[in-house]
Structure formats: structure tokens, C-alpha cells
Amino acid sequence: MTDKLLKRENLDKLIGSVTVGGGVFVAPGMEARRVVFREVTRADEMTHDYIIPVNSYKDWVFPQTEVIARFAIKKDGVDLKGEKIEPPETVVFGARPCEAASLASLRSVFTWDFIDEFYTRREDRLTVLTVACTAADDECFCTTVELSPESTVGSDVYLKETADGDYLASAITDKGTAFMEKYSTLFEGASAEAKPKELFIPEKIDGIDLDRIKKWLDNKDHYDDPLWAELSRKCFGCGACTFSCPTCHCFDITDEGTTYEGEKRKNWDACQFEHFTLHASGHNPRDAQFKRWRNRFMCKFNIYPKKFTSTGCVGCGRCIRVCPVRHDITEVMEAISGR
Amino acid sequence: MENALREKARELLTSGEVQVVIGYGWNRRKTRTTPVFITRSEDADRLVFNPLCVNNLSIYLTRKYKDIQALGRPAIVAKGCDIKNIVVLISESQVKREGVYIIGATCNGVVYKQELWAGELNPGIMPTKCHNCDVRNPHVTDFVVGDKTDFTPPEEPTGMVFDRIRELDKKTPSERWGFWIEEFSRCIKCYACRQACSLCYCERCITEKNMPQWVETSAHPRGNLSWNLIRAMHLAGRCTFCGECERSCPVNIPLNLVNQKLVLTVKDAFSYRSGYDEKEHPPMIVYSPEDKENFIK
Chain A
253 MTDKLLKREN LDKLIGSVTV GGGVFVAPGM EARRVVFREV TRADEMTHDY
303 IIPVNSYKDW VFPQTEVIAR FAIKKDGVDL KGEKIEPPET VVFGARPCEA
353 ASLASLRSVF TWDFIDEFYT RREDRLTVLT VACTAADDEC FCTTVELSPE
403 STVGSDVYLK ETADGDYLAS AITDKGTAFM EKYSTLFEGA SAEAKPKELF
453 IPEKIDGIDL DRIKKWLDNK DHYDDPLWAE LSRKCFGCGA CTFSCPTCHC
503 FDITDEGTTY EGEKRKNWDA CQFEHFTLHA SGHNPRDAQF KRWRNRFMCK
553 FNIYPKKFTS TGCVGCGRCI RVCPVRHDIT EVMEAISGR
Chain B
3 MENALREKAR ELLTSGEVQV VIGYGWNRRK TRTTPVFITR SEDADRLVFN
53 PLCVNNLSIY LTRKYKDIQA LGRPAIVAKG CDIKNIVVLI SESQVKREGV
103 YIIGATCNGV VYKQELWAGE LNPGIMPTKC HNCDVRNPHV TDFVVGDKTD
153 FTPPEEPTGM VFDRIRELDK KTPSERWGFW IEEFSRCIKC YACRQACSLC
203 YCERCITEKN MPQWVETSAH PRGNLSWNLI RAMHLAGRCT FCGECERSCP
253 VNIPLNLVNQ KLVLTVKDAF SYRSGYDEKE HPPMIVYSPE DKENFIK
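Residue numbers (our numbering), protein chains in the order written: chain A, 253 to 591; chain B, 3 to 299.
Just chain A, with the same shape it has in the complex (with noise of 0.2 Å):
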């Protein structure tokens, strides 16, 4: 596959391409002091300085909150009435090779034992555009979960910054050859000029060792470990974390309206909510906050990749730097490592 041109001058009339049939165009943008994903109509709204966005684009996929359903009680029953949705083509542009990566850790589990359409409907309209990294901070560690700016699993078109700030683009699924067919106008054919700046590779974080750590985790004497206890002590049970993550993927559904007529929603829960596992009996298996962050980290080391062949950390370092009180997921990986 031949790198095409995509210049940044042709970003705005893409937009526009996109946006004009009802599409949905999402990408980094300054929102109330951060970096963030969001729809956007033109350019000039988006920017192009940031190491990653601070929420997720699961969002566009995965809404925090959703109608699925709505009822009526009446005299003779309940009227209830799925909902059908029919997303907009949906473009992400910006993606960070780790996130691209999430997308089949969702996948994974709304298409488990049950499709969920409300998610497959829309990631089946969903093309990731993924720009590689040029810098990082302190908190990425893609590298240490065997992931890469380099890595181009889950993107469809694969985008490289030249220095003139124009991409280089390469198609990478079925979806990413389609969405560069539809816009051909915009992807040119790159000139041996156009030379891509270099990447920046974060340090893989030495002390840390995935399969060491899901041996550990798989003895169930470690279960009630004291270094849970030890480490996690200080997480005070936000939902922030989970929030943002990409692969995390929890949800409640709740009722809303009156007594007669209203909408089940589905809206995003956390594990990390001390009501999260409480049962009608009062009862709640994990009656503590630092067994609900032991949840969070066997979900992500443990339970996914024993399921799933996707991966549950994608080493975006979202959850490091949106954290209260520094709680580090990769200082927990590290001292599960050395046990």
C-alpha cells in the first residue's frame, strides 16, 4: 500500500465532506482548558498539540447515556418499545495508535455471548483515523503492554505528521481503503519528498512483566494479597478512571420518567462505584474500595486476557493522569511483577 497526501489545508474541506451528509466528524479540540474529543465542524476548531485527548472517543460508540427502550403502563400492560438507532457515519480523527487498539476490547465484549447493537451498529459506521506520536509524557506506557506508535491494529488509515504538518496516509482495513476511495480528492499522491517526522517511542518500563503479572493474579491465594490493600488503599472510588478509559466498558440501566410513561437508559457505571456490587440483601462482595480497585486491575490483566484475545490496558496512562490522587496503574503492575 502507497502512502497518499493527506495536507492539512484539505483538513476543513474533509470536515466538511464528512459533515455535509449528516456525518459526524470527531476530533481533538480545546474544551474548557483540556484536550478533549469532540464533534467538530471545521479546522480551525481542532488541534493538533496535544499527546492525547483526556477522554476517550468510546463515547461516539458507546454513549455515556442512551435511550434504549420506552414504556408505557396502561390499563391492559406494559407497552414497551425498543429502541432503533441508526448512527450517522462517524470519522475519528486523531486517534493515538494505543486507543485505536481499544476499539476490539469493546468489541469483545458487546459481541461476547450477546450482540449488543446499540455498540456494533455504530462501530460498523465508525472509521478511526489514526495520527501517530511524535512525543509523550510520563504517564504513556504503551510500549510496556506490548503496544507501539507504531502499532496499527484497530486503525483503519494509518497517519504519519510530515514536517510541513500535512499527514502521510496509509489505508489499513477494508473500511480505511473505502474511506480513502470516497475522499480520493483529498488523499494525494505523495511526493519522495514528504518525509514523516520521527516518532517518539516511549521507554518500555522495566520492571514490569504482563504474563509474570496474570500468573500471579491467576493464583487465587493472591486474592486476598495484602499488597492490595497496601497499594490501592488510597483510591477514593470516582468513577474518573474508568471514565476515560477506552477499554473500560461497565454500564447500569436505570428508568427514567414518571410512573406511567418514560425511557430505560443505558448510561456508564464503575466498578469502581461502592454501590456497584451492592446486593438487594445489603450484602456487598467488595465491601472495600481497595477490593473494587483490585476488580478494576484483574478485569484489565486477568479476566480479558483470559477471555478475549483483545487487550484489556492499552497504556494510554488516561486513568494516571486524570486521578485525584495519583493512584498509578503501572506502579501496581510493577510491584505485582517482582512478587
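Please keep in mind that the hints were generated in silico from the structure rather than gathered at the bench.
Positions of the beta carbon are idealized from the N, C-alpha and C atoms, including for glycine.
Be aware that one or more of the hints could be misleading.
Said to hold, decoys possible - Simulated DEER-style distance windows between Cβ atoms: (1) B:98 - A:477: 29 to 35 Å; (2) B:205 - A:504: 16 to 22 Å; (3) A:325 - B:99: 49 to 55 Å; (4) A:356 - B:117: 45 to 51 Å; (5) B:271 - A:558: 57 to 63 Å; (6) B:118 - A:356: 35 to 41 Å; (7) B:298 - A:297: 45 to 51 Å; (8) A:366 - B:293: 56 to 62 Å; (9) A:373 - B:124: 47 to 53 Å.
Claimed, not checked - Far from chain B, by Cβ distances over 12 Å, these chain A residues were calculated: (10) 285; (11) 395; (12) 404; (13) 423; (14) 511; (15) 535; (16) 555; (17) 591.
We have chain A already, so just place chain B on it with the hints.
Then chain B, alone, in the frame of chain A:
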């Protein structure tokens, strides 16, 4: 200062006066501080104190943290602003004064967010609370570490929060409403604001009461508005303006504006400031014949 802190922690743990010292330590790279729970005297050297020590550790004294309570009597490293929260917890019978050993840390200000730290503390990276702090020499303590400071807060409160409140006060009610609807629209219902707050100590928050569901948990405009208004009301007259909710908010909702406005309103209506005297009760839970009645129209 850190030597004195570590020495005191060692002494308290060795003598058995406390079983855990709740304080600050470095992360692996020594770029950020993070809460630590020291239970062995030989680990006391992990304790640090510097302008990155932003967390209000008093949350760990509340009844939500049964696993921490199980460790035994705690000592806590606390800045004056953090002590204000401990004072409210004592006045609301959540913590017994003798149940906690308070190691007060003299403070010259902290950073608004740790990410702003570039090796030097300057007023530009300090939160509004630090600019007007009257408890840099901590006010309720069992022991103090650090040299006494002679900082005196300005007579008229200064800082971005006050400037923005003045701007908002000039707006019409509908403009203000529009401002808050937009700010709250970003809320993702992660409840970091609640979890970071030591005065949000309810074991079951109203948003978790779901038979019926009193507060809509969806992150849509109606649900976000209900949540943020309810939390503000529950903190009125109690909030000490420690700023932890705003600092913890991943979507940067300016909660300090809500909090300081509440502080000003309560001060005006009841001549009360929370967090100074553990023997006084917050105005919303007591009746006094002197209470103003001018709101009854």
C-alpha cells in the same frame, strides 16, 4: 521540616500512640505526591511535604473508609485548610477530637493542580484559597511541623474565584442560569467531586437511592443539573472551600465558584465561617432565634 515530620511519625508509631500515619509520599518518578498510609515506623521516611501536597487527606478519616479505621488510631498530616474539614467533621460528630492525632503542617501555599508544577511555587499557580489563607499556621493541632509563617491574608479577598463571582453577580439570573447549564453540561457523573470531599461522608448518597431514583443518574442536562445543585445545597454552610472537588473534576467544572458563593452567602446570612471552631455547629443544622427571617416574603 520533613525530618521533623518523619521523626514525629516514627515516634507516634513506635510508642503505639497511633497505628497509622496518613500523609503524603512521592510517586515512583518523584514527580507527583500521592497519599500514603504509614503503619511501620521504618517506613516513616517515605513521608514528604511540599507545594505538591494538594490532597485534602481528611477524607480518609470518614466512616466510608472502614478498612482504614480498622488499622487503628490515625495521625494525619494536614495543612490548615485540610484541618478546617477535620473541624467540621468533629463538629458534626463524625470524628472525635481525641480519635485523631493532627500533625499540622505550616504551609506557604500549594499548587492548584500538580501538573502546573515547574519546580517553583509562584502566586500564578496557586489556587484562590492560598492567596487568602488565614491558617497557614495550622489552627487545630496536636503537633506542628515547619517554621511559623507571618503571612497575613489581604483584607479584601483576592484571586480568580472572587473576580469571577463578581462577574457572575453582575449578570442577569437568566444569563447566570445559562452559564451554569453550559458548565454542568460537561458533567460525566463520575462523582469525583463527591468522593474527593470529606464532608460528603454519607454512606449512601441520595443519588444512589434508587427506590425510587430521586436524582436521575444519566449524564444528560437534567440529571447533571440535579446532581450539581443537590451537592451544592448539601454543602452550604459546611464547605470550607478546600477546592478538592474542583481539582478532582476531570471535566473542569468551576465548582469553586459555587463553593465560594455559598461561603459568602452563609457568612452574610449567619455570620458563620465553617472550619474554625469545632464546638460550633453549622448554621443549617441549628436554629437560633437570631436567624434572619428576611427571606420570608
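Legend entry - Violations among the numbered hints: Going through the list in order, the structure violates hints 4, 10 and 14 and respects the others.
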